[in-house]
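Participant: Use the sequences and the hints to build the structure in full.
Spelled out from the first residue to the last, the chains are:
Protein chains: 2
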Amino acid sequence: MTGQLIANLPWVKQVAGHHTPTAFYLTTEMFDGLPLELAAAELSAIVGAPVAAEHEHERPEIYVLLSPEPDGAQIDVHIAGEVHHLRAPAALLVPPHTPHYFITTRAIPGSWCLGLLLQAEASLVHT
Amino acid sequence: MTGQLIANLPWVKQVAGHHTPTAFYLTTEMFDGLPLELAAAELSAIVGAPVAAEHEHERPEIYVLLSPEPDGAQIDVHIAGEVHHLRAPAALLVPPHTPHYFITTRAIPGSWCLGLLLQAEASLVHT
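Same order as they appear, the protein sequences are chains A and B.
Going by our numbering, the first residue of the first sequence is number -17, and it counts up by one from there.
Going by our numbering, the first residue of the second sequence is number -17, and it counts up by one from there.
Derived by calculation from the structure, the hints in this document are not laboratory data.
Where is the CB? At the ideal position from N, CA and C, for every residue including glycine.
Some hints here could point you the wrong way.
Taking beta-carbon pairs under 7 angstroms as the criterion, some of the chain A residues facing chain B (in silico) [unchecked claim]:
# : residue
1 : T(-16)
2 : L(-9)
3 : P3
4 : Y7
5 : V46
6 : L75
7 : V76
8 : P78
Ranges between beta-carbon positions, derived for each pair [what the hints assert, rightly or not]:
#  : chain 1 : residue 1 : chain 2 : residue 2 : range
9  : B       : A(-11)    : A       : H0        : 18 to 28 angstroms
10 : A       : V(-6)     : B       : G15       : 30 to 40 angstroms
11 : A       : H67       : B       : G15       : 19 to 29 angstroms
12 : B       : G63       : A       : G15       : 24 to 34 angstroms
13 : B       : Q101      : A       : E40       : 35 to 45 angstroms
14 : B       : P91       : A       : I28       : 14 to 24 angstroms
15 : B       : P91       : A       : G63       : 15 to 25 angstroms
Facilitator: Below, the structure is given as structure tokens:
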């Protein structure tokens, strides 16, 4: 076996707390089982619009903010009442069982927010 | 603790087989230890230019190809002599200990190739 290709992406799933279905590019069902899930959103079309109400997960989530230019994207991540201002590139850990949501405040085309959901048991994170 | 922010990204590391240092957005050292590493490259500036010679890792790697438009990016991934043609969005598993490299053949601005390196023991992948 020299590789396994999945071409019918994204897999769209409803996530509790999200206003609209979420586009997943990796899920635990893929490749005979993965220890993580990856959601991603291109941000330039959703400036000012939260994609989800405040919600929480059982698993830790890591946001990764990417943009073609430094500072080309900015998001405000609200976690348990505190606000973290992210300027691309940046990564932010959201602990499990912690209410959170984010709003994009600036994004040039080609800016992405990745949401990486880790299996709790696979994470070494201390919370 | 309501979140941990890492702002000094990317962390640039030399990877065996790569022509140029690689930009990592997540590494195993971050957040008190992660079970994965995430590299990423914006593709529109590197069409036709491989970022690495053929090389292999001890760990499985998953490529995720993202683009603002369907089919806005295409890469050819060479794995052990076979070629997989990826059109965004797509995901491809590269098994551990398998020689591979990729060439971008088309990419509109804001297209990204993610390289997610999994810890072998954290992966359920059968090889």
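Participant: For every hint, state whether the structure bears it out.
Facilitator: Cross-check of the supplied hints:
For A/T(-16), the shortest C-beta to C-beta distance to chain B is roughly 4 angstroms, which falls under 7 angstroms, so the interface hint holds. Because the closest C-beta pair between A/L(-9) and chain B is about 4 angstroms apart, less than 7 angstroms, the hint holds. Hint status for A/P3: violated, given a least beta-carbon distance of 15 angstroms to chain B, over 7 angstroms. About 5 angstroms separates the beta-carbon of A/Y7 from the nearest beta-carbon of chain B, less than 7 angstroms, and the hint is met.
A cut of 7 angstroms between beta carbons decides the hint on A/V46: the least distance to chain B is about 5 angstroms, and the hint holds. Among the interface hints, the one on A/L75 holds; its C-beta lies about 4 angstroms from the nearest C-beta in chain B, closer than the 7 angstroms criterion. Against a cut-off of 7 angstroms between C-beta atoms, the interface hint on A/V76 holds, since the closest Cβ of chain B lies about 6 angstroms away. Taken as an interface hint, A/P78 does not check out: its beta carbon lies about 11 angstroms from the nearest beta carbon of chain B, beyond 7 angstroms.
Taken as a hint, the range 18 to 28 angstroms holds for the pair B/A(-11) and A/H0, whose Cβ atoms sit roughly 26 angstroms apart. About 32 angstroms separates the C-beta atoms of A/V(-6) and B/G15, a value consistent with the hinted range of 30 to 40 angstroms. Look at A/H67 against B/G15: about 25 angstroms separates their beta carbons, and that is inside 19 to 29 angstroms. The supplied range of 24 to 34 angstroms is met by B/G63 and A/G15, whose beta-carbon atoms lie about 27 angstroms from each other.
The hint said 35 to 45 angstroms for the Cβ distance between B/Q101 and A/E40, and at roughly 21 angstroms that hint is violated. With their beta carbons about 18 angstroms apart, B/P91 and A/I28 fall inside the hinted range of 14 to 24 angstroms. A hinted range of 15 to 25 angstroms for the beta carbons of B/P91 and A/G63 is inconsistent with their spacing of about 37 angstroms.
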